[in-house]
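Colleague: As a plain string of letters, each chain reads:
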Amino acid sequence: MVPADLRYTKDHEWVRVDGDTATIGVTDFAANQLGDVVFVDLPSVGKSVDQFATFGVVESVKAVSDLYAPLSGEVVEVNGDLGGAPELVNSDPFGGGWMIRVRVSDAAQVDGLLDAAAYERLTSEA
Amino acid sequence: MSASGPRLQPTLFELSKPGRGGDKIPHAPKGALDRLPAEHRRAHPPGLPELNEPDVVRHYVNLSQLNHAVDTGFYPLGSCTMKWNPKVNEWAARLPGFAQLHPMAPDDVAQGTLQLLWELEQMLIEISGMRAVTLQPAAGAHGELTGVLMIRAYHEARGDTGRTDVLVPDSAHGTNPATATMAGLRTVSIKAAADGGIDLDAFRAALSPTTAAVMITNPSTMGLFESRVGELIEAVHAVGALAYMDGANLNAILGRFKPGEAGFDVMHINTHKTFSTPHGGGGPGAGPVAVGDKLAPYLPAPRVVREADGSFRLERVGERPTSIGRMRSFVGSTGVLVRAYAYLRTHGASGLAEITDDAVLAANYLKSLLAASGVYDIPFPGVCKHEFIASATSIKKQTGVRTLDIAKRLLDHGFHAPTVYFPLTVDEAMLIEPTETESIETLDAFANALVEIAREAATDPETIKTAPHTAAVRRLDEAGAARNPNLRWRPAVGDWTPCPD
Amino acid sequence: MAYGPHTPADRRRMLTALGMQSADELFADIPPALRSTPLRLDPPEPEQLLMGRLAHMAGRNRVDLASFLGAGAYRHFSPPLVDQILLRGEWYTAYTPYQPEVSQGTLQSIYEYESLMAELTGLDIVSASHYDGAAATAEAALMTCRATGRRRVLVSRAVHPHYRAVVRTYVDGAGLDLEDIPLVADGPLAGTTDLAALDRLLADADHPTAGVILAQPSFYGLLEPMAEAGSRAHAAGALFVAVVEPVSLAVLAPPGAYGADIAAGEGQALGIPAQYGGPYLGILACTEPLVRQIPGRLVGMTTDVDGKRAYVMTLQAREQHIRREKAASNICTNQTLLALAASVWLASLGPHGLRDVAAHGASRAAELEAALAAIGIERVHPGAYLNEFAIRVPNAAAVHHTLLARGVLAGLVIEDAVPDEPSVADALLVCTTEVTTSDDIAAFARELEAVLA
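Protein chains in written order, with the working numbering: chain P, 1 to 126; chain V, 1 to 501; chain D, 1 to 453.
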């Protein structure tokens, strides 16, 4: 079961919106598909990201995947722990494995994202 | 800690002892370097190991024994054509006249090698059905880049500058899309048809005035001959694009199919696959590129030229302005090409045809054994060419044992694993290429091993999931290797990883 | 078929298992319209006859000349043990170590190669090998663009003309820009890279520079102002690429010491025979922050499940088989066996032997310079050199040709390789190494004097 209070993309990112700040990561499904994550390439603070455009790359031993932003905004914080411990993406994808926080530029974009139930349906079909 | 297999080795650096070795080279006169300005001099000598001859030889002999190789056993690595590497080829490349010839030696003193290169070009022209060949590319991927750059030059020379796309089937080697990017073009990936072959309709829909080329591997990475390739080439030419053939699988079609006759405009040839030049633990290879009339003006420089009097020379700098230029220094990996030449002379026309017949026969025979066993999925049941795909999808469903585990367990049986998880379009894929130089006894034994492993998967899956058990090392911490890369020896690093034994 | 194991009975058994009468049925999937015309090649040649043919062809090459030819490929002594190791089938008939458990020999040898090259270059990250020095330099040029997000590369005209040509091919292919840095025309720095011109090129704010490429020693054998060029590149936000000759690194400052971000070079000099151009060894090294930009395989040390030390290909997500069109390069097959050759050669000679090789070459070069000066032949450039330099010879091409008939290979006619550099017209590029003898040098001076008289 994925957390009910988050919203999701078809590309397996999750987002938690808290006021005008959104925290973004990838789901446990994505982490399992990738296998052991070895590196996460994230934008620096101050960069802007666009909804559904790539904002970074996650690498495992045998695979690589682009990361797509669920929402547009400006990056205000990057999870520095992932530099030394990328395995957090596997072990705690919805917690310590978060990737970036952005200041949301258009809160209405959230409406275009999947809720937990819709995302569950998506991954059960995969 | 002792290893169960052949002995693991400490590094060269751990074997080093200050003051050991030397005396291979006379000492240089004192003060030989005094004329060099101090700012250009090295402050500290490089930290190279100090070893004597027995240290060096034992180190490398012991290390070599940790390798599986064609010379030690069956190596059915799909798409790599791990055939026998004839020993006379090694002798030939080491003949002093070939081995010691300087690459910038004047043509007058290089006639033997120039003749060999020219004759090799003629043989490859005949085999490919093309019109001209460059021997310059150093490997298959390098040949791909050469070919695609020529295609770009061809379009540009015609003022046809809007061609940005290269169409590639989704089963292609990763080098194809990576090559397109290096040549400044965009890759459009086309899904295969249900039978594993080219989806003509999908290609036709994607072909347009922006198509620069299509790249087709034939036989495909599924080991299937692309029977619709004639129609595809017509459609490609109809929109003004060119057709590239990835010749990685040429071993399957010698004397049966000449890409140039079928309308392909350009192809590369992997001498280290089809023409028995050794794989060298990863290389060297050579990737000659054969072209039809349209692309001949753009071949890399220099080419070997045969003069009216029968002598040979290299093109001069700037002699052929239409050339795409150089792909590498000097004329090519001549030492590799000498081996390929020896192989082609050894076989001649009848021998080459027999190679292909036997390679395809061996693949189909092995495939039939696995199909008859009923335990492996064979996604494309018809006749294959030099290789075929088996899949462990059913085994995984029933036992949890994956293709990776089966590959590792094969190592315990003394076989190298097939190529696994490629092509990406088939789940739990094993791409198996036996080649023409493996006996029927070896093929039977390999099939038996695979069937035995499938049986073991049902009764004792743990043994397979923890395989290999007889190799020098067991499964590696690949995630750790990537998370904290240790890519060079440092004394401090040695402190935390104990020396083996 | 030579090397084939099948008896007629074996073939029949396999065909029978397939329900077939003849091998032709295996090719029924090739549409008739696509079937090949017969191969028109000579008949098979038995090994004995083939060996006679090859020996005859090899004999038509002349490798007995007193040679002063270098220009990017160098003759060096190689202890017999090196080739004896290379002839072990466990090395040369294996392929890329996809199954690390049965490839530890190759993997450890690559790790050791990476370590040896890191020592020589002073840079921590070394790829498992590239095709040759020129291709490695071209990959370095592309790396600078990926790492900086800029599109313009500057390459000195003192870099080997083949390398410059290959960089041109690659940079044009990728749709990037390449410009030459000219040479100083005269004075004490003549023939070296013109730093004032580099300053002007770097100052072009509309075309920010990704990378600056110089060679040490240069194609003309001269020692280049590497530290100065590197700091200028860095001040402009560009990366600095040093094209190096690895034997020289025994005695010359390594790229890591003068701030180079990337080193590229030809490893042929490390005990690999000249063999008319290859297979050679492309060396590519970089600083740690660039590790994800470097193309080609990397081998790292790790452990197995029992905690035993082991080696494995790593950071593979940069490579074409995973990243496909977004890969750092399309390189797949590389030059691993040549990296092994270089490692065994270095291990055999050790640090002192390598220094002796470099110092001997320098010593012989000074001897050659003096012998030529004694007959009135002068160097073209006044600057410091290691073991290769250009000499001014009237009618260089004709003299070179005449000397050939007298048993002397008098280096390279520079104009043949660099027709667009008038300052080196009528000049020869000559080189010595530890295998050059005093007799060779005496013969060169004697014959040259005779030809010019």
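Treat the hints as calculated values from the structure; they're not laboratory data.
Be careful, since some hints might not be right.
Stated by the list, open to error - In silico DSS-like links for lysine-lysine, alpha-carbon gap of 30 Å or less:
hint	chain 1	residue 1	chain 2	residue 2
1	P	K62	P	K10
2	V	K24	P	K62
3	P	K10	V	K396
4	P	K62	P	K47
5	V	K191	V	K397
6	V	K191	D	K326
7	V	K30	P	K10
8	D	K326	P	K62
9	V	K465	P	K62
What the hints assert, rightly or not - Residues on chain P that point at chain D, a partial pick, calculated with CB under 10 Å:
hint	residue
10	V38
11	D41
12	V45
13	E59
14	D66
15	Y68
Heads up, the beta-carbon is just placed ideally off N, CA and C, and yes, glycines get one too.
Colleague: Against this structure, judge whether each hint is valid.
Modeller: Tested hints:
In summary, the hint linking P:K62 to P:K10 is supported, as the alpha carbons are separated by about 22 Å, within the 30 Å threshold. The suggested pairing of V:K24 with P:K62 is violated, with an alpha-carbon distance near 44 Å, which exceeds 30 Å. A distance of roughly 27 Å separates the Cα atoms of P:K10 and V:K396; the hinted pair therefore holds under the 30 Å criterion. Straight-line distance between C-alpha atoms of P:K62 and P:K47 comes to about 29 Å, which keeps the hinted pair within the 30 Å bound.
Between the alpha carbons of V:K191 and V:K397 the distance comes to roughly 26 Å, so the proposed pair stays at or under 30 Å and holds. Proposed proximity of V:K191 and D:K326 is supported: the alpha carbons are some 19 Å apart, at most 30 Å. Our distance criterion of 30 Å between C-alpha atoms is broken by V:K30 and P:K10, whose separation comes to about 72 Å. Proposed proximity of D:K326 and P:K62 is supported: the alpha carbons are some 15 Å apart, at most 30 Å.
Taking the CA atoms of V:K465 and P:K62, the gap is about 18 Å. The hint holds against a cut of 30 Å. The restraint placing P:V38 at the interface with chain D holds, with a minimum CB-CB distance near 8 Å, inside the 10 Å limit. Evaluation of the P:D41 hint against chain D yields a held restraint, the C-beta minimum of about 8 Å falling below 10 Å. A least Cβ separation of about 18 Å between P:V45 and chain D goes past the 10 Å threshold, and the interface hint is therefore violated.
The beta carbon of P:E59 comes within 4 Å of a beta carbon in chain D, closer than 10 Å, and the hint placing it at the interface holds. For P:D66, the suggested interface contact is upheld, since its CB lies about 9 Å from the closest CB of chain D, less than 10 Å. For the restraint placing P:Y68 at the interface with chain D, the shortest Cβ-Cβ distance is roughly 15 Å, beyond the 10 Å limit, so the hint is violated.
Hint compliance for this structure: hints 2, 7, 12 and 15 are not met, and every other hint is.
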